[in-house]
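Asker: If you want the building blocks of each chain, they are given just below.
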Amino acid sequence: ETGVTQTPRHLVMGMTNKKSLKCEQHLGHNAMYWYKQSAKKPLELMFVYNFKEQTENNSVPSRFSPECPNSSHLFLHLHTLQPEDSALYLCASSQPPGQGATGELFFGEGSRLTVL
Amino acid sequence: AQSVSQHNHHVILSEAASLELGCNYSYGGTVNLFWYVQYPGQHLQLLLKYFSGDPLVKGIKGFEAEFIKSKFSFNLRKPSVQWSDTAEYFCAVNAHSNYQLIWGAGTKLIIKP
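Protein chains in written order, with this note's numbering: chain A, 5 to 120; chain B, 8 to 120.
No wet-lab data here; the hints were simulated from the structure. In this text, all values refer to a predicted model and were calculated from it rather than measured experimentally. Beta carbons: idealized from backbone N, C-alpha and C, even for Gly. A few of these clues could be false.
[Said to hold, decoys possible] Listed next, with one range per pair, are the computed distances between beta-carbon atoms: (1) 23(B) <-> 81(A): 28 to 36 Å; (2) 77(A) <-> 107(B): 18 to 26 Å; (3) 43(A) <-> 10(B): 17 to 25 Å; (4) 84(B) <-> 77(A): 33 to 41 Å; (5) 83(A) <-> 47(B): 25 to 33 Å; (6) 23(B) <-> 62(A): 39 to 47 Å; (7) 22(B) <-> 26(A): 38 to 46 Å; (8) 10(B) <-> 58(A): 23 to 31 Å; (9) 91(B) <-> 12(A): 21 to 29 Å; (10) 19(B) <-> 65(A): 32 to 40 Å; (11) 91(B) <-> 14(A): 20 to 28 Å; (12) 77(A) <-> 91(B): 14 to 22 Å; (13) 21(B) <-> 83(A): 46 to 54 Å; (14) 21(B) <-> 57(A): 45 to 53 Å.
[What the hints assert, rightly or not] Residues from chain B that keep clear of chain A, each with C-beta distances beyond 10 Å, as calculated: (15) 11; (16) 25; (17) 27; (18) 29; (19) 34; (20) 35; (21) 39; (22) 79; (23) 85; (24) 87; (25) 92.
[Said to hold, decoys possible] The calculated EDC-like cross-link candidates involving lysine to aspartate or glutamate, where the alpha carbons are at most 20 Å apart (straight line), are: (26) 44(A) <-> 95(B); (27) 56(B) <-> 27(B); (28) 56(B) <-> 60(A).
Generate coordinates for the entire structure from the input sequences, incorporating the hints supplied.
Answerer: Right, here's the structure in full:
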């Protein structure tokens, strides 16, 4: 139990489908993140939200659409994905900068996405 | 641009062997340094971290890391590994002025029983 819960754990979708990944954190943090983890590559930061406001979009294609309705919940909406988007998508949370925080991240277990 | 380099993508050791995983970063300012571990099928979790003070930091499960500022390194060590240490290990760095973590590509460690 990490305090960060991701659903679904596994998702298989076709290129024309629309699906969403969900993340919920119970740590009282105000910053939330989406990362993409692919084999043999460094973790790729996709999006950052601080206090529900998007503060980072790391040149992510528009077929990935984040949503952060409150500080505890984060979604990643997926549509018209490509097979190369298959990866493990990780959600993380932290205290945002400026509150004595150091950037330490707390991760969920990830959502394994396969695009056919 | 800041970067983090982990020297080995795969390491295979026998139980009771000593471990050292290399991590070097490129950034000239003050940094925070982290090692995360991802056991098979599990989430990324913090192994240890360095913010300031004693450059030799101890983490969970007998791991330690030494920050050598002159070498821009933060190598992870364990004197005697166990089969349960089989996992992927990630080094990450952020600057005090920018809390965004920069990640290494990871090292997959396999311990033979």
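Asker: Compare the structure with each hint and give your call.
Answerer: A quick look at each hint next to the structure:
1. 23(B) <-> 81(A): 28 to 36 Å: violated, 49 Å
2. 77(A) <-> 107(B): 18 to 26 Å: Since the Cβ atoms of residue 77(A) and residue 107(B) sit about 22 Å apart, the hinted range of 18 to 26 Å holds.
3. 43(A) <-> 10(B): 17 to 25 Å: The hinted range 17 to 25 Å holds for residue 43(A) and residue 10(B), with Cβ atoms some 19 Å apart.
4. 84(B) <-> 77(A): 33 to 41 Å: Taking Cβ atoms as reference, residue 84(B) and residue 77(A) lie about 39 Å apart, which means the hint holds.
5. 83(A) <-> 47(B): 25 to 33 Å: Since residue 83(A) and residue 47(B) have Cβ atoms about 31 Å apart, the given range 25 to 33 Å holds.
6. 23(B) <-> 62(A): 39 to 47 Å: holds, 42 Å
7. 22(B) <-> 26(A): 38 to 46 Å: holds, 40 Å
8. 10(B) <-> 58(A): 23 to 31 Å: Taking Cβ atoms as reference, residue 10(B) and residue 58(A) lie about 25 Å apart, which means the hint holds.
9. 91(B) <-> 12(A): 21 to 29 Å: For residue 12(A) against residue 91(B), whose Cβ atoms are near 28 Å apart, the range 21 to 29 Å holds.
10. 19(B) <-> 65(A): 32 to 40 Å: This hint holds: roughly 37 Å between Cβ atoms.
11. 91(B) <-> 14(A): 20 to 28 Å: holds, 25 Å
12. 77(A) <-> 91(B): 14 to 22 Å: Taking Cβ atoms as reference, residue 77(A) and residue 91(B) lie about 34 Å apart, which means the hint is violated.
13. 21(B) <-> 83(A): 46 to 54 Å: holds, 48 Å
14. 21(B) <-> 57(A): 45 to 53 Å: Holds - the Cβ-Cβ distance for residue 21(B) and residue 57(A), about 50 Å, lies within 45 to 53 Å.
15. 11: violated, 7 Å
16. 25: holds, 26 Å
17. 27: Non-interface label on residue 27(B) holds, nearest chain A Cβ at 21 Å vs cutoff 10 Å.
18. 29: holds, 15 Å
19. 34: holds, 13 Å
20. 35: holds, 18 Å
21. 39: violated, 5 Å
22. 79: holds, 17 Å
23. 85: Correct as stated: the minimum Cβ-Cβ distance to chain A is 21 Å, above 10 Å.
24. 87: holds, 27 Å
25. 92: It holds; residue 92(B) is separated from chain A by about 19 Å at its closest Cβ, greater than 10 Å.
26. 44(A) <-> 95(B): The hint holds at about 11 Å.
27. 56(B) <-> 27(B): Cα-Cα ~16 Å, so holds.
28. 56(B) <-> 60(A): Distance ~24 Å between residue 56(B) and residue 60(A) Cα, so the pair is violated.
In this structure, the earlier hints numbered 1, 12, 15, 21 and 28 are contradicted, and the remaining ones agree with it.
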